[in-house]
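Peer 1: Numbering of the sequence shown is given in numbering that gives the first Met the number 0, commencing with residue 0 and proceeding in unit increments.
No wet-lab data here; the hints were simulated from the structure.
For clarity, every value in this text was computed on a predicted model and none was experimentally measured.
Hints should not be assumed to be uniformly reliable.
[As the list claims (entries may be wrong)] Below 30 Å or equal to it, Euclidean Cα-Cα: the simulated DSBU-like pairs (lysine-lysine) are:
{"hint": "1", "residue 1": "Lys54", "residue 2": "Lys36"}
{"hint": "2", "residue 1": "Lys124", "residue 2": "Lys170"}
{"hint": "3", "residue 1": "Lys124", "residue 2": "Lys54"}
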Amino acid sequence: MSTGKNSTLRFNCSVLLFVIYGLLFVSCRTSEHEIEKYVLQMVSTNANDRALAVKYLREVGALAIPNLIVALDSQDLTIRANVVWLLGEIGEPVEQIVPLLIRAFADSDQNVRTNALLSIISIGKSAVPFLIDVFESPNADVRQQAAFALGEIGQPINFIIPALIGNLDDKEWNVRRVSVRALLNIGQPAVPQLIEALNRGNRETQRTARIALDQMAHRKR
């Protein structure tokens, strides 16, 4: 092949690549614009528009996450509540979604917090390591939400039960109370470790473990 033909071929290939990259860029920008539009559409007064927005964003999946992260800072409570619900519907990647839902545990609005809790429960076992890490949070409300979620998820018990028992001496009564409730949800599998906590834990752990065991015994009657 002559040098001229080689040059023409290289030029044509370069033009083709430029066109392809241009189309991909336009496509990405269009998708981003569409995602932004549908995030806002989730608070439409029209039920069909809301349903269409949810359907689109669910199908887009992880590609919508950057826009949903921005929407989590919206002043509109309905947008925030819808976003945390939708994150639960998308579900993956958990390493992106679960921390966002945990962040929403501290939201000022009850509906947002409730939706975040339900979403993280729906994700299930994959969320457990993240929830256990939450027990290091200085925010008692966040720790309480995490304990409740672990009790609802329930598995794997070899991780969940020790984490909940570790909460039995939490300085906040509500965290201790919800941890007991979570252990009651798990039921009989928690008994051996509760007995161990009763025998070996500090005074507060022993007292709370006794409450949990007494309530379990009462449930059996």
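Peer 1: All hints, please: hold or fail.
Peer 2: So, going through the hints one by one against the coordinates:
1. Straight-line distance between C-alpha atoms of Lys54 and Lys36 comes to about 13 Å, which keeps the hinted pair within the 30 Å bound.
2. Proximity of Lys124 to Lys170 is assessed by CA-CA distance (about 27 Å); at most 30 Å being required, the pair is judged to hold.
3. A hinted pair counts as satisfied when its Cα atoms are at most 30 Å apart, and Lys124 with Lys54 qualifies at roughly 25 Å.
When each numbered hint is compared with the structure, no violation occurs for any of them.
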